[in-house]
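Reassemble the complex: the two chains are provided individually, in unrelated frames, and hints are given to aid placement.
Each chain, written out:
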Amino acid sequence: MRRFKIWLILLSVGLIAIDKFSPISRIRDSIAVFLEKNTSLLLYRIQSYPQLVVLKVQQQQALASQNVQLKKQVEEYSLLLKQSRNQVKDVKLLNDLSQKGIYEDFSPVIAKAVLDVNFFVNNQLLIDQGENKNIQVGYAVVNKDGVIGQISTVNPNSSQISLITNPEYKIYVEHSVSKSKMLAQGAGNNTIIVKYIDKNDKIKVGDILETTGLDDVYPAQIPVARVIRVFYENNGFNSAVCVPVVDFRQLQYVSVLKSDS
Amino acid sequence: MIVNNLRFIILCTVLVFLQFTINNFTIFYVDVIAILLVSLLLRGNLIWLQLIILSFIGDLIGHWYLGSHLLAVVIISFFTGKIANFYRMCGWFPRMIISMFYFALFFFVIYLIELSTHRVFTSIDSLIFQLLVILPLVQLVLEKLTVRKPSEYYF
Chain A
563 MRRFKIWLIL
573 LSVGLIAIDK
583 FSPISRIRDS
593 IAVFLEKNTS
603 LLLYRIQSYP
613 QLVVLKVQQQ
623 QALASQNVQL
633 KKQVEEYSLL
643 LKQSRNQVKD
653 VKLLNDLSQK
663 GIYEDFSPVI
673 AKAVLDVNFF
683 VNNQLLIDQG
693 ENKNIQVGYA
703 VVNKDGVIGQ
713 ISTVNPNSSQ
723 ISLITNPEYK
733 IYVEHSVSKS
743 KMLAQGAGNN
753 TIIVKYIDKN
763 DKIKVGDILE
773 TTGLDDVYPA
783 QIPVARVIRV
793 FYENNGFNSA
803 VCVPVVDFRQ
813 LQYVSVLKSD
823 S
Chain W
58 MIVNNLRFII
68 LCTVLVFLQF
78 TINNFTIFYV
88 DVIAILLVSL
98 LLRGNLIWLQ
108 LIILSFIGDL
118 IGHWYLGSHL
128 LAVVIISFFT
138 GKIANFYRMC
148 GWFPRMIISM
158 FYFALFFFVI
168 YLIELSTHRV
178 FTSIDSLIFQ
188 LLVILPLVQL
198 VLEKLTVRKP
208 SEYYF
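Protein chains in written order, with my numbering: chain A, 563 to 823; chain W, 58 to 212.
Chain W with its partners taken away, still in its complex shape (with noise of 0.2 Å):
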């Protein structure tokens, strides 16, 4: 166990490194944490303090207000309760375009959060770049870091 998070704490800081990379050194602002959140929220072996957690980072690192992850990530959470079975049987296309379509999600919800907050960081350009690289990027390491049973997955 304490392997397994220390991979994935290893993980989270890599991509908090590449996150912070990507938005100092390219014409993109992305938000790989949020990727992470969808992936983790999807794969349904919810730990919530987690989740929590790595939203507080993701806020942190960016120039989100606290609290915004965690806000689409709980609006998000009612719309993936009943995809989540279905999202452990399908194989890695299928994950990708689920992935893809709740990162969208996801990510509509934190442009209004950024609407209503008048402070707007997102852009269509970013959201390509994310949905096109970098998810899939994020899907093919967890599916590399995970360690598949029978019933559960985790890291």
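The shape of chain A in the complex, shown without the other chains (with noise of 0.2 Å):
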């Protein structure tokens, strides 16, 4: 036995120097720290990984409440540009009108209106010039499309406009091809009614209803309200209801028509 141990250390004794003076070694080590490099870079992704996704949600709900202000942000802003580029636009036409004589016998005054609500319910339209602008009541207010009311009551720094939606309102109007004049009244709800239309008078849907000038409150031939029905009444006579072609709840500038005579 004693001898079986002692070539048992001389074996591993020349195993260890063959292993020291060869590449064997150097193929165990390298593959050792190929496999700890590995381990370890596994370890650290494991240790890593719950951090990662931490950081990785945090930062994604950050992000997500950022682009959601964000998003606000360009919305107001396009909002406002938009605005900004309708209100320029307005101005121009509405100064190109006037320019362009069609407001003859009246002088205009630009004014802003202010949308409120409140208004819009009760038929009326605020807006931001008054006695400043020696506005006064019964004057003309419209814009690039057409008609818009009639100053109601006038203040030193802004004034209520009637609508021609507000049905104690009336104005005089005329069929854009026929030329037939009527009368129109508002019918709140943003609808007009026209009555005791002529039944020869070929009025149909979509047909355009203007000013006639007659009044000497508007205009000649500035659009007031677009027809959307038709109906016979029990008494001889067609009715229409119309729309008005002025979309109130866009209104940017308005202009107020001041009668020279």
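Among the clues, some could well be false.
Derived list of chain A stretches under chain W, where covered just means 3 residues or more per stretch with a C-beta under 8 Å from a C-beta of chain W [to be verified]:
hint	stretch
1	687 to 700
2	785 to 791
Partial pick of chain W residues on the chain A-facing surface, computed with a CB cut under 10 Å [claimed, not checked]:
hint	residue
3	Phe82
4	Phe85
5	Ile104
6	Gln107
7	Leu117
8	Gly119
9	Gly124
10	Ser134
11	Pro151
12	Ile170
13	Leu172
14	Thr174
15	Thr179
16	Ser183
17	Ile185
18	Phe186
Don't read these hints as lab results, they were simulated from the structure. Please read these numbers as outputs of a predicted model, since none were measured by experiment. The beta carbon of each residue, even a glycine, is placed where N, CA and C say it ideally should be.
Right, here's the structure in full:
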């Protein structure tokens, strides 16, 4: 047994010597280093994964909230830009209209519409010009699209407009094609009703009703309303339901027409 | 016999995996196979082929040169011949103390071999960790695995 052990010792010493002075140990070492490196990397990944996930989630949440805020800002700015462009365009168009002499015998005053739901409910509109611009009750208010209404109340720095859809408001209109005259009255709920239309007047849905220019309030041939329904009433006349050509909810600037006469 | 050898192979595989994990994922550099070698040596039921294979496995999965474990085991075996009978009769605590002593001796031999080959991986921290944690664990597993008969212990 002792002999066997001595042989074993000699064998192991020889193996150690061979291993030390041959490339075997280097190969083993390189394999060991490779394994250690990869396992360390794996361990690092496993350890850092929860942090990475949490960080990602937090970053995503922060980015999402920032994104929402930025989107809101962009929407606000785009709306402001659009409004500003529309305002510039409106003012330019209104100025062009007055320069082209469409509003003959009228001197226009440009005012900004103050959109307020409370006024719309009562079929009224507020503008930012009043006595300071010599605006008086009864002056016509139009924009590039058509008739809006008439000044009903004047304050020092603002005025109220009675819209053409106001049930207490009446306007003398004519058919744009046949030129037949008729009286339109506001019916509320953004509609205007025209009664006592002669059955011979060929009014149909989609026709435009214009101002006549005979009432000394509005210039002639300014669009007032568009016919949306024509029906027969039992009194021998036709009636027509119309909507204003002007979209009151998107008003920017209006022109108050002061009659020179 | 096949079943017992199978159990032993499974134990060795688990220990190899344990050593690999500890060496790669902790600051310690342990030699679990050496603990197993010392325990087997102390039990006295020596199968030299088993010891040689195990010592080569121990060399291969660590950074030791081939033959280091074998040399250490053979040197230690000169001192374990007489204590094997006493070791068999002891309870778990004296066994552990004896195992600790012989493992420390084994560790010292390995350290000398490392010094002579200019390649040292052992450290006091690792030695303490092995003595206080790994060795009792391996001893416990061996106690549970072995089937005791009046005169012999085998896997």
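field: Interface hint outcome for leucine 117 of chain W [beta carbon to chain A under 10 Å]
entry: 7 Å, holds
- prompt: Hint check: is the beta carbon of glycine 119 of chain W less than 10 Å from a beta carbon of chain A?
  reply: Where the cut-off is 10 Å and the nearest Cβ of chain A is about 8 Å from glycine 119 of chain W, the hint holds.
- prompt: Can phenylalanine 85 of chain W be said to touch chain A, with a Cβ gap under 10 Å?
  reply: Interface hint status for phenylalanine 85 of chain W: violated (14 Å vs cutoff 10 Å).
- prompt: At a threshold of 10 Å, is the proposed contact between serine 134 of chain W and chain A supported by beta-carbon distances?
  reply: 6 Å, holds
field: Restraint outcome when isoleucine 104 of chain W is required to lie within 10 Å of chain A by C-beta distance
entry: 13 Å, violated
query: Is the hint on phenylalanine 186 of chain W kept, meaning its closest Cβ partner in chain A is under 10 Å away?
result: 18 Å, violated
query: With a Cβ-Cβ cutoff of 8 Å, does the stretch 785 to 791 of chain A contain at least three residues near chain W?
result: Per the Cβ count (0), the hint is violated.
- prompt: Was the hint right that leucine 172 of chain W lines chain A, CB cutoff 10 Å?
  reply: 13 Å, violated
message: Does the closest beta carbon of chain A sit nearer than 10 Å to the beta carbon of serine 183 of chain W?
response: Because about 16 Å separates serine 183 of chain W from the closest Cβ in chain A, which is outside the 10 Å limit, the hint is violated.
query: Does threonine 179 of chain W pass the interface check with chain A, least Cβ-Cβ distance below 10 Å?
result: Constraint on threonine 179 of chain W not satisfied, violated at 16 Å.
message: Checking hints one by one. Is glycine 124 of chain W an interface residue toward chain A, by the C-beta closer than 10 Å rule?
response: Interface hint status for glycine 124 of chain W: holds (3 Å vs cutoff 10 Å).
- prompt: At a threshold of 10 Å, is the proposed contact between proline 151 of chain W and chain A supported by beta-carbon distances?
  reply: Violated. Min distance 26 Å.
Consistency with the previously given hints fails for numbers 1, 2, 4, 5, 6, 11, 13, 15, 16, 17, 18, ordered from lowest to highest.
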